[in-house]
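Use the sequences and the hints to build the structure in full.
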Amino acid sequence: MDFSLTDDQVMIRDAAQDFLADKSGSEAVRAAMASEAGFDAAVWQAIGAELGWCAVAVPEELGGMGLGPVELMLIQEQAGYHLLCSPFFSTVCLGTTLLKSLGSDEAQGEFLPKVAEGSSRFASSIACGVEAKAESRSGQWLLNGVVSQVCDAGEDSLLLLFAETDDGAGLFAVPGNAEGVSIVSQTGWDASRRFATVELNDAVAAMRCDDATRLASGGRKANALSRLYVAAEQLGAAQRCLDMTVAYISERKQFGRTIASFQAIKHRCAQMMVQVEGLRSAVYGAAALAADESDVQALSMECAMAKALASDVLFHCAGEAIQLHGGVGFTEEYDPGLYFKRARASKGWLGTPEELRAEIAGVLL
Amino acid sequence: MKVLVSVKRVVDYNVRIQVKGDGSGVNLDGVKMSMNPFDEIAMEEAVRLKEAGTAEEVIAVTIGGDKAEEQLRSALAFGADRAIHVKVNEEVSPLTAARILKAVFEKEQPGLFLMGKQAIDDDNNQTGQMTSALLGIPQATFAGELKIDGNKATVVREVDAGLETIEVDLPAVVTADLRLNEPRYLKLPDIMKAKRKPVETVSMADLGVEAAPGLTVTKTSPPPARAAGIKVKTVDELVAALKDKGLV
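For the record, the sequence lines run as chains A and B. Take the first sequence: its position 149, counted from the start at 1, is 149 in this note's numbering, and no numbers get skipped. Count along the second sequence from 1, then add 1000; that gives the number in this note's numbering.
Please note: incorrect hints may appear among the correct ones.
Straight-line alpha carbon distances no greater than 27 Å define the calculated DSS-like cross-link-like pairs of lysine-lysine that follow [unchecked claim]:
(1) Lys253/A to Lys1020/B
(2) Lys100/A to Lys1032/B
(3) Lys1187/B to Lys100/A
(4) Lys23/A to Lys1187/B
(5) Lys1195/B to Lys114/A
(6) Lys1193/B to Lys266/A
(7) Lys1231/B to Lys1032/B
(8) Lys1020/B to Lys266/A
(9) Lys253/A to Lys1231/B
(10) Lys114/A to Lys1187/B
(11) Lys1193/B to Lys114/A
(12) Lys1193/B to Lys23/A
Listed below are several chain B residues computed to face chain A (Cβ distance under 10 Å; list not exhaustive) [as the list claims (entries may be wrong)]:
(13) Lys1032
(14) Ser1034
(15) Ala1077
(16) Ile1191
Think of the hints as simulated: they come from the structure by calculation, not from any bench. Just so you know, even glycine gets a beta-carbon here, dropped at the ideal spot from N, CA and C.
Okay, here's the thing in structure tokens:
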């Protein structure tokens, strides 16, 4: 399999890197974390409406760029590196992936052009299972129930929610400001990404979005791709943990020399690098497979492996970053703690490493 | 008016440079390469002139090996209309670069030649001045502000004494300083459009240019480590310390 990036892909990665290095530094991330919305509206506006990031995965005929999982994976890697606080993950990696994989042509035509131009954003649940119920009354779909772990839910977002109907599960689009929708913010340990519980009380859906023929295999594909994009983000975050640790230990002096010169410290950094590079191969390999539009079974396996490895590697690297920063590593003033919180939180999204290994074993045995 | 902009492939400014062990140069293995930041500023200015209706066409030119085309693609993504790649695999001295750029200028006949004031790899700050001299056209270096009015350009130059405003006849060579503008972030749709824009590849022989007598790099070494400072309590102590070092 050829993992090498094309010139365009390198330029896309570098463009994302340049923008986020300027706009998503440590101070900007902390300001976004402390803000009510959880993200900087100006940065989101730039990402969505000006730089075209939200158009990456939208088909060209719907106003997008028609690019594939590799390009999106590369942006996500940079988003993870810079701990980007933005609804990009929920809108593009989750929402757009869901609609493209299992949405009807009508739903894609209605919502994806708005995402591509940056005028609309999605919020979707990352919880497993279907938590709400939908029933058709007077030509409308009414949703009831409580949906947990809805990523970036807000009144200005379009909620993409699964709900049980008489003929099985369906995907519904519900405006965040619709009557009967109540969004309750969850307090988590990682304030760099917001989750909410959405309570639905006869909330009227704007549209039932799923296509019956795409629902079965499409759901599996969307799940696999979502895991891939989380893994890419974890890869970027793990690389950042390594980079910031190397920078710190190269300056911090003890006993008249930099602590980077001590063998025990070198070995721990080398081990971080071994893990990060192995993870990069897993993530890039899964993305290359996804770009090939190969069979869903193989894609699910590759993405499950990438996500399981990514969760372990980031958790290890963020922990090592704290340890190698010494006494200051766990303080609020230094960044390793931010990455450790993201590592701990993202480990549980879309399958813990243990759950993913159980899935892989189920296919193997 | 056509605007010609030269861009150079250099080690990215974020990279911590490492000198090769044998002192023969800088280690480039696996190092991120980018467009020279001052050339980005020049390119941004050219695109702004086009967006303002002052320029009709922006042409990017680079000198270098195969990989230098990556920087031309960046220039096209910035907004250049087409690009010229002068393929040269050897090291190019400032004078050789100026000869090549002169030939490209004569072929394209632009109304304005924008370039960065210097490249951040060797910091020579010579190519703009040499190109202007070889062409026999005015130069306005270290531009912090540029206004075009008909056949004249008003340039605010950033010089040691402060700011100097000059007026030059066009065509002229204008070299961009840091504060001329803030380059835009590349938009993803523009990156995709860039690959459909034309890139013409030529050799030095095609342009009828011969390399200037070469400069030989005898040794490359990292700058000496900065010595620790001292703290003084009074002005008298400061003056004494400066005298000790022979600085006053």
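Results of checking the hints against the structure:
1. Lys253/A to Lys1020/B: It holds: about 25 Å lies between the C-alpha atoms, which stays within 27 Å.
2. Lys100/A to Lys1032/B: violated, 35 Å
3. Lys1187/B to Lys100/A: Holds. Lysine 1187/B to lysine 100/A sits at ~23 Å (cutoff 27 Å).
4. Lys23/A to Lys1187/B: holds, 15 Å
5. Lys1195/B to Lys114/A: holds, 26 Å
6. Lys1193/B to Lys266/A: violated, 45 Å
7. Lys1231/B to Lys1032/B: The hint is violated at about 39 Å.
8. Lys1020/B to Lys266/A: holds, 22 Å
9. Lys253/A to Lys1231/B: holds, 21 Å
10. Lys114/A to Lys1187/B: holds, 18 Å
11. Lys1193/B to Lys114/A: Distance ~21 Å between lysine 1193/B and lysine 114/A Cα, so the pair holds.
12. Lys1193/B to Lys23/A: holds, 25 Å
13. Lys1032: holds, 8 Å
14. Ser1034: Interface hint status for serine 1034/B: holds (8 Å vs cutoff 10 Å).
15. Ala1077: holds, 7 Å
16. Ile1191: holds, 5 Å
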